[in-house]
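Novice: Here the protein sequences line up with chains A and B, keeping their order.
Mapped onto the numbering used here, the consecutive letters of the first sequence carry residue numbers 1 to 415.
Mapped onto the numbering used here, the consecutive letters of the second sequence carry residue numbers 1 to 438.
Misleading hints may appear alongside valid ones.
To be verified - Derived pair list, reagent style PhoX-like, types lysine-lysine, alpha-carbon separation capped at 25 angstroms: (1) K91(B) / K191(A); (2) K288(B) / K191(A); (3) K76(B) / K91(B).
It should be emphasised that the hints constitute simulated quantities derived from the structure, not laboratory data.
Predicted model only: the values in this text are computed from it and were never measured.
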Amino acid sequence: MAGSIMLKTLRRNGFMPLLVMAQVIFALVVLVNVGTLLRQQLAPVLADSGVPPGQILMTKSISADLASRSLWKASDVKTAEHAVKSIPGVQAVSVGAGLPMMASGLWMHLLPTVVGSHIEADADGFAGDDVANALGLRLLAGSQFSPDQLVRGGLDKVFSDTRAVMLTQSLARQLFAHQSAVGKRIWLLPKKDPNAPALRVVGVVSNTLRGAVVGHGTHKTYNAVILPYQLDDFPQVAMIVRATPQRRDAVAKQLPGVLESALGIDKPGSIKVMRYEDLREHTLHGNKVAALLLAVVLLMVGVVVILGITGLSGFWVQKRIRDIGVRRALGARRGDILRQYQFENLAVVGAGAVIGVVLGLLVSVWLQTHFELAKPSWLAWGLGVLLMLLFGQLAVLGPALRASRVPPVVATRAV
Amino acid sequence: MLTYYLSLAWQRAIKGPWITGLIVLTMAVGIAACMTALTVSRALSGEPLPGVSEHLYIASVDACADPTCSSSNRSKPSLLGLDDAREVVDKAPVRVAAAVAQAQVTLSTSDDQRGGVSERGLIAYGRPLALLGLPMRLGRGWTAAEEASAAPVMVIDVWLARQLFGQADVLGRTVTIGGHGFRVIGVSAPRTPRIQFLDVARNNDITGVAQHFYLPVTAALAAGIGPTDSGICAGGTSRKTFGSTMLAHCVWLNVWARVPDVSARDRYARWWRAFVIDHQHDGRYDNKTPGRLYRASRWTKLNNVVPPQVGMNTLIAFGLLALCMINVAGLLAARFLRRQGDIGVRRALGAPRQSIFAQHVIESLGLGLIAGLLGWPLTWLGLWIVRMQPVGYADRAHMHPATFAWLLGMAALVGVTVGIMPAWRMCLLSPALQIKRT
């Protein structure tokens, strides 16, 4: 049967197809936007951490109170680092402030800004004397920090005195697009005064997950600034240690004792050491629960749409059972009837999907202005439309098969 | 009539239990999703400190015009330097005002073995206790004379008194902070705001933080006790200086005032605008932002204290409900139209359109109410999932008796709304044609 005649039938009995269309439109809008949110939540969970697996250990922040002192001195930190380095299997160690996964209990939230422009990008700061090396990051361009670039003092000095920084690849690209970032000048936070002292980018390192990863857009997951910092006169210190994979667990056992004796802490068990992977698991727990909730919503949308279309199509078949009988009596084959219902469904769902995409685009623009929602990709829309068509075909299969089994003799009966 | 319609509905329900179950379950899921989201968003909206915060206004201005000021993107500009804050509190045409900044300090007593407790409280100028409407359990707040002479006195709340001394009656005892003794002159009732509104720049919390102690600013600074961080400072110093008292070039205090009515508010607003303009002329304040007053609840909104995800979740829940409703409307239409023959007979026998419409709307209302009952445990489940999340407001996701009333109301509304379209369709049927077809 020609498509045009099928469409004519559709137009004449417009009520049920309209309801199906409304469902498809709405489902598509919800599906694509929720799907995008889900992807946003899952991005840091699925993302590569960028640190060598099975090697990194981090301590929670160690307070000077534990040693009955008010501040840690640079010499304490040096002694501690030295002691840790002598543990067999340790490859690198760095003191840090504002570390990945908020290990140090301190979140250094920065807005690196290109000097003399309004180009800025949300990023976290990792400050320490050898952070990039201790995290096992690769140097992609430029050079490491030279010793004279180390800023020494309390954490406030990081903001006032730092003149050299390294950026992760992701951040470098967001600030400087395709130009080389090395040698460019930035501020850690936007400044009103264009002559405010700037920081020079000396190197670009491989990407690593930032400190607070919950709720950021996917493109910000890897934004981090590495700051050269020698902690001194500051009440809190945290450490990153990189060990060989074979020795890491042994190092993790020894580390608290070694640090306690090096720092003069006489309360055993007060230093907590965590494996990077466990810390990440812990930090991303929230994302996982949120993603679970969104996945349940997606599942419900799918089930509701399939059941809804099945119900409506079933009714439509029943209502037209006599027409089907007539067509069968006039020579239509079972396959023709089956294909008619499948085609009708395709046309109705397809039309709904087109309207759904248009409406969904409007909704997503509105959502982007009011919430931290990323723009759904074209792939997401395509996938949404495809899923809708699939749902539609799946839902109509039962009723269509039932229709095709209507015997021609029905035509002669009153229904 | 009503019972007749209900019995008709009941007969239809038991004839097709599967489709009935599907309709009810679909509605229940939509309603439960919405109720869950609404319960959370209701717990996080409204007045931060009911009965008090309705009358509290914060003075907002960008008081650091110097180009070397580090800019803060965390909250709307509202911080003032100490001298300006004092002037506003003293001269503004309001009866109760205070300048406050949050501090985190370690407090101990002379006979303390544990090395003290670290708690949050306020460093304040003016009358913070009257401002927050805190009832005093014992003693009094500090006087202007004590403030001016930097007398080492403080007010603590009952909770902290018990923490430090093991009892509430601690008037006249001494609390040590950073080696300096402070005499307790008052014990206040403990109070935690529902939503954070004080010092949002220094708090990431969504639900309110209890402030356990109140220190007069001059005495605090004299004893080397500074705010948690030093706010925004000129001269390129950082805003991440913790507990420092080097605040001469910094803006670090919020001025809050208690204003009983609209005319008093307008008077204060005019005064504040004029004050700001004066300082914009002498170049100390940034002249791009005008001086404004914000009510406490508006202030929490402006500063996004409640994360936008909460609103987003509500939106998603309503989207899901709408989808469920469209779906149920379709299913109901199909269900009604299956029996169009009967309706034809009823119409032919003289039933008016209104009663056909009423019959169908009542049927869908009944189904909606059943869905509401089913939505009750589902809402409970939803809130349980919300509590599983490691978010600051997780403990607020609880059911209240009022929630049940809301739920039933919503179920009735949903039931009637989904029924209207199919019912309308049914009463448009022409009686003669239907009988002929049967």
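Novice: Take the hints in turn and mark each one as holding or not.
Specialist: Evaluation of the provided hints:
no. : hint              : result
1   : K91(B) / K191(A)  : 33 angstroms, violated
2   : K288(B) / K191(A) : 15 angstroms, holds
3   : K76(B) / K91(B)   : 24 angstroms, holds
Figure legend: structure checked against the earlier numbered hints; the only hint not met is number 1.
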